[in-house]
Amino acid sequence: MARSKYVRAPTTASLPGDLRIPSSTPSLVKTFSKLTRQALLDLVFQWLDDRNIQNFAPYLQEVNEGTEREDDGDDEGFRPYPAERTINGVRNAYQELQFRKGGKREVIERILDGDWRHGVTLRQLAMVDLRYIDDHPSCLRWTALELVQIGVLSSNNPSACIPRVHASTFLSGLQREISPLVKAHYHLGRLTSLPLTVLRVFVTTSPYQIASRQNAESLTDSSRTIYVAFPDSCPFIYTSIASSPVASKAGSATQNSPIATDSRSLQRLVRDAIPKALSLPHQRYTLKPTSLTAKSLEALLSFRGPGRSNRAGGAFSIFADAALEGSPLDPRPSSTVSPEEHVRQSTSHHLNTPGGKENTAADSEEVSYKIGRPPKRSLANIRESQISKKRALALQARFGSSGALSSAPLDRLDVRLLDALTGDAKTEEHAQQTPISLTFTGTDVIGGFRKLAELGIVDAERMPSWMTGEEGVSTVVVREGKRVTKAGG
Amino acid sequence: MSTPPSLTTEEQAEALDSEISTIRAELRALHHRRRTLTTSLLSSRPLQRLAKRHQESSPSQPIRTPKQWADLSPLLHASSLHADLNHHRIAFSTTAFPFTDPSPTAEARNLLGVRIDICAKDGRYTKPYYILLRKVQPPMPVTGDAGQTKKPQKVLYVHRHTIPAVVDLGTLERVYLPRAKGSATGEGEGGDVVQGTEEEEEAERAQLKPWKHKVRPQNLSGFVREVRRQLVVWHLRCDGVRYLRERLGVVRREAEGAGATGYGEEEDGVWERDVLAEGNQETRIVKNDLGIVALGATALEAVYVRVEWEDGRVGRFKISNTGMVERAVVMGDSGRDKLMEAVLTGGNGRLETLLDRLRKHASDAKPPASVSEVASETASEV
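Residue numbers (my numbering), protein chains in the order written: chain A, -2 to 486; chain B, 4 to 385.
Only true hints are included.
Keeping only pairs whose Cα atoms sit at most 30 Å apart, straight-line, the calculated DSSO-like set for lysine-lysine is:
1. A/K479 <-> B/K157
2. A/K273 <-> B/K321
3. B/K138 <-> A/K479
4. B/K138 <-> A/K387
5. A/K292 <-> A/K27
6. A/K285 <-> B/K138
To give a feel for the contact side, a few chain B residues facing chain A, derived at Cβ under 10 Å:
7. L45
8. A86
9. N89
10. P107
11. A109
12. G126
13. L135
14. A302
15. L303
Rather than coming from a laboratory, the hints here were simulated on the basis of the structure. Using N, Cα and C, we set each Cβ at its ideal position, and we do this for glycine too.
All chains, full assembly: derive it from the sequences and hints.
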């Protein structure tokens, strides 16, 4: 008896958030075990919250059905985690886990084999992934893209060109754009550690509603997941999609062949749809590369974010951090106040701490800083005496407060030097034409340069400005020590 | 056997450590206070006057305490200079200063710095905003064949700035500091990220038809005035929204509330994240007689404010640059609530008196219940 229910037809609908992935899927354990025990418990409590319980209903033992009770009873015998009868029972079970010490393993097993044995929904999976990003802001490589309004140059309207994002309108726009091409599941969430709204898009190739059994593994495939982060009120977005040259190459490939179903071109489809979904009539946006790719979201936020440091990196970070001068109400001459104190004071002003008078607010932080590492302080003192005063001054002038007070670590810096080497240029004519490519990688490249200059290996005064992080880019083309932009070169 | 004494020593050490840290904190606070007091004393007017008088009369009486005054005078001098600087910053709000670009490869190392100080609602000054301008001699136009014999003037570029993205400095620069388009190509190498391909095209067009693209003169004071105006307006809007929230009353969510005790108390309010507040803490509006459960700016620019009532109505209004409630939309379950919209935009239209208008409306609408049909309807909803 073939049931008509199982007729599958291609649709343009998005993947429903309550599509369940069977909890026996092995990759689920891997996904869940990325999180810490506390994070898992937090998520479970969120799912069991009164407002969310309909969306994340746990498996409950049915009480009133007499016929199936025996079956259930048999089944329960094999299960390590018997099903609870009420939601409060489930909650109590996890609260017990919360108070007890133990590994995360038992929590994961309880979720997958116990209360969500009927399957974990796509939405739950998305929440797990977002929570992971929240806990590990450097787990992905992010590329910053700029939203540019098309044709705004001609109009002389001096208002900020930041598109207003209304979440559901944007998502329906995105769905409208990409639904004929890919089927996707969307999840929009806010990070708690950083001021970012993250959109997680999971794309599939099939236009059919997925029958969960056979494609369960593909539903947890991380290469089909795209993250787009929206910082507050600034014309930039960050994507986890690989850098633009590769994408454009893929673009040329897909123009030749109409069907491209690899995950990269699916990602490109989503990326292309984002500016269109943000556009309004008479207000069209396009994405422009900003040559910044970094692992750390903090770096992206400081160089392409809503704050003050977008166009004031390197030597000019003293202005961004307001480390140069105090507020006009500060009676102390600014030369007598250390930059650290300026920064601390201005931040405490900003935070508006209750009772934050000038005399008290800044001090508690400083003490904790001082008490926290007294040996380092003394070591630093010794080292400071070793460094010549001149070098320290040059360091301060070139790097400002970047790398010391504020941290925006770039993990990779690609440089292309178009100059000829000065020494060899006379002997070899060829050397003038060969550009040199340099790649620096590490946890904090600019901080590393600063360290080198501090140790006297690099002369801080003669460093070109791209080495001090002034440009705020991770890919730079240099001629005569100056950055060449695409428009100029 | 040996654990209990070691524990007690540890405890002792801990207690001592905490004591030391509190004493250090106190010391630091006192140090800080002393410095503030010393400098304010030094810059105080009576002392400055005394010093001036002493300086004038010092040749006549060189014997009496000459050493102390000599020690003090550089400090006095420095603090009086600083006080003057501060007075300028407070009075004019926009000050200029020279700055030297430390980059060895920069073509113009002398930068013109502009500092903008803005006073916030609570009497404190925000972090100063800076714009650093570069003055560059544009290269002689290559295609300047007809009548372009005179030497091109130096043009100003925004080199670096700390203006947040809320104020679109790029557009303002294009409007107020237009450059000769012919020089754009030469300048593209100068590390100017803003320049796009469209500008390039425009430059080409300008080279082809120079009479069509007459370059307006650069207007630096206009530029700075407009930037400052937009910054001030932004801060005023933010302060306005904060003021409304404060008047309604804001509760911060405790960190542990998400865990064990989180259930069951959701009905008394909507936890939301305040965009304008530092940090990502969730806040909630205190239960009030107006029935507003949420009020907050929708984005960092604080142009649009979203209001939510406890009966499910959602409103959104726009704050104009002059602090008026410009437009308002209120949607309920049964469509738009035009009366509430009129209340939001009515009266004198000021943002600051919004809550008074709402309160007045609520007190007007409730007792008679027959002013108009719509009024009674909303009253029953509330």
